[in-house]
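**Student:** Quick note, the sequences are listed as chains A and B, same order.
The opening residue of the first sequence carries number 0 in numbering that gives the first Met the number 0; numbering runs sequentially from there.
The opening residue of the second sequence carries number 0 in numbering that gives the first Met the number 0; numbering runs sequentially from there.
Bear in mind the hints are in silico, worked out from the structure with no lab data behind them.
Since the structure is predicted, the reported quantities are computational estimates derived from the model, not experimental observations.
Where hints are given, some of them may not hold.
Copies of the same chain look alike in the list, so a pair counts if it fits in one copy or across any two.
Restricting the straight-line Cα-Cα distance to at most 30 Å, the calculated cross-link-like pairs of lysine-lysine (DSBU-like) are [unchecked claim]:
(1) LYS33 with LYS1
(2) LYS18 with LYS33
(3) LYS50 with LYS1
(4) LYS50 with LYS9
(5) LYS50 with LYS33
(6) LYS33 with LYS59
(7) LYS39 with LYS18
(8) LYS59 with LYS39
(9) LYS9 with LYS39
(10) LYS50 with LYS18
(11) LYS59 with LYS9
Protein chains: 2
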Amino acid sequence: MKAIVNIYLKEGVLDPQGKAIHHALDAMNFQGVKDVRMGKQIILQLDSESKEAALAEVTKMAEDILANTVIEDYSIEIV
Amino acid sequence: MKAIVNIYLKEGVLDPQGKAIHHALDAMNFQGVKDVRMGKQIILQLDSESKEAALAEVTKMAEDILANTVIEDYSIEIV
Numbered sequence: 000m001k002a003i004v005n006i007y008l009k010e011g012v013l014d015p016q017g018k019a020i021h022h023a024l025d026a027m028n029f030q031g032v033k034d035v036r037m038g039k040q041i042i043l044q045l046d047s048e049s050k051e052a053a054l055a056e057v058t059k060m061a062e063d064i065l066a067n068t069v070i071e072d073y074s075i076e077i078v
Numbered sequence: 000m001k002a003i004v005n006i007y008l009k010e011g012v013l014d015p016q017g018k019a020i021h022h023a024l025d026a027m028n029f030q031g032v033k034d035v036r037m038g039k040q041i042i043l044q045l046d047s048e049s050k051e052a053a054l055a056e057v058t059k060m061a062e063d064i065l066a067n068t069v070i071e072d073y074s075i076e077i078v
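Construct the entire structure; sequences and hints are all you get.
**Tutor:** Dropping the structure here:
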């Protein structure tokens with residue numbers, strides 16, 4: 000089973016990587032970009048028995064270690 | 000219009016960040032994790048007029064600057 004965890008900075012938290020990309024896109028004449036945010040994507044291969052078990056396990060991983068929940072939000076997709 | 004660009008290392012390219020996460024999960028007694036890969040997610044806010052225009056623009060961005068296509072693959076989602 001495959002789990003995709005997307006981790007992104009909470010709204011209002013300064014995102015210097017996103018700002019740098021935005022700046023670079025402007026410098027390369029890409030028009031019409033209003034905002035850029037940069038996040039992480041962690042793809043896990045699991046041998047869980049059910050989607051529910053996988054989701055519970057990955058939620059615990061995200062809370063405990065993958066995301067810094069003070070400044071980051073996360074979303075989990077089991078495929 | 001919002002574009003999500005997922006960038007991940009090609010199969011076979013060594014992923015030290017993924018390995019480090021895998022190691023940390025093992026050390027924290029998370030069972031049943033077979034593989035971990037780490038990627039980037041870039042979220043762009045665009046004022047494109049159509050999904051097609053946005054996709055074309057973002058594909059050019061990904062090829063030119065966002066992804067290193069020698070070692071990375073990318074996927075684009077327009078929402």
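**Student:** Against which earlier hints does the structure fall short, listed by number upward?
**Tutor:** Violated hints: none; all satisfied.
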